[in-house]
Amino acid sequence: MSLIIDAGDDQYAPEGSFVDPSVAWLAVEDFFRAPLEPSKRLAWLDASEIDWPD
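Offset between the sequence shown (1-based) and our numbering: plus 403.
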């Protein structure tokens with residue numbers, strides 16, 4: 404999560420935020436079951452913990 408990449412059109416994101424579709428699907432499934440709760444099957448990180456570029 405410490406490596407910030409240019410994802411195109413001046414959109415920057417931590418490289419670690421791009422996950423395999425099978426992993427992302429876990430979050431989608433859990434969202435449909437309980438949309439107000441973050442999935443417990445994934446590790447979440449608060450955006451304030453990322454060292455964003457200036």
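Just so you know, these hints were derived from the structure itself, not from any lab. Mixed in with the good hints there might be a few duds.
Claimed, not checked - Quick list of simulated restraints, FRET-style, between CB atoms:
no.: 1; residue 1: A437; residue 2: L406; range: 19 to 25 angstroms
no.: 2; residue 1: E440; residue 2: D413; range: 28 to 34 angstroms
no.: 3; residue 1: D412; residue 2: D433; range: 18 to 24 angstroms
no.: 4; residue 1: E440; residue 2: I408; range: 17 to 23 angstroms
no.: 5; residue 1: R444; residue 2: M404; range: 16 to 22 angstroms
no.: 6; residue 1: I407; residue 2: A427; range: 17 to 23 angstroms
no.: 7; residue 1: R436; residue 2: L406; range: 18 to 24 angstroms
Claimed, not checked - Derived lysine to aspartate or glutamate pairs resembling DMTMM-like cross-links, with alpha carbons at most 25 angstroms apart:
no.: 8; residue 1: K443; residue 2: D413
no.: 9; residue 1: K443; residue 2: D433
no.: 10; residue 1: K443; residue 2: E432
no.: 11; residue 1: K443; residue 2: D423
Note that beta-carbon positions come from the ideal geometry of N, C-alpha and C, so glycine has one too.
Evaluation of the provided hints:
no.	hint	result
1	A437 / L406: 19 to 25 angstroms	violated (31 angstroms)
2	E440 / D413: 28 to 34 angstroms	holds (32 angstroms)
3	D412 / D433: 18 to 24 angstroms	violated (29 angstroms)
4	E440 / I408: 17 to 23 angstroms	violated (29 angstroms)
5	R444 / M404: 16 to 22 angstroms	holds (18 angstroms)
6	I407 / A427: 17 to 23 angstroms	holds (20 angstroms)
7	R436 / L406: 18 to 24 angstroms	violated (32 angstroms)
8	K443 / D413	violated (31 angstroms)
9	K443 / D433	holds (8 angstroms)
10	K443 / E432	holds (11 angstroms)
11	K443 / D423	holds (17 angstroms)
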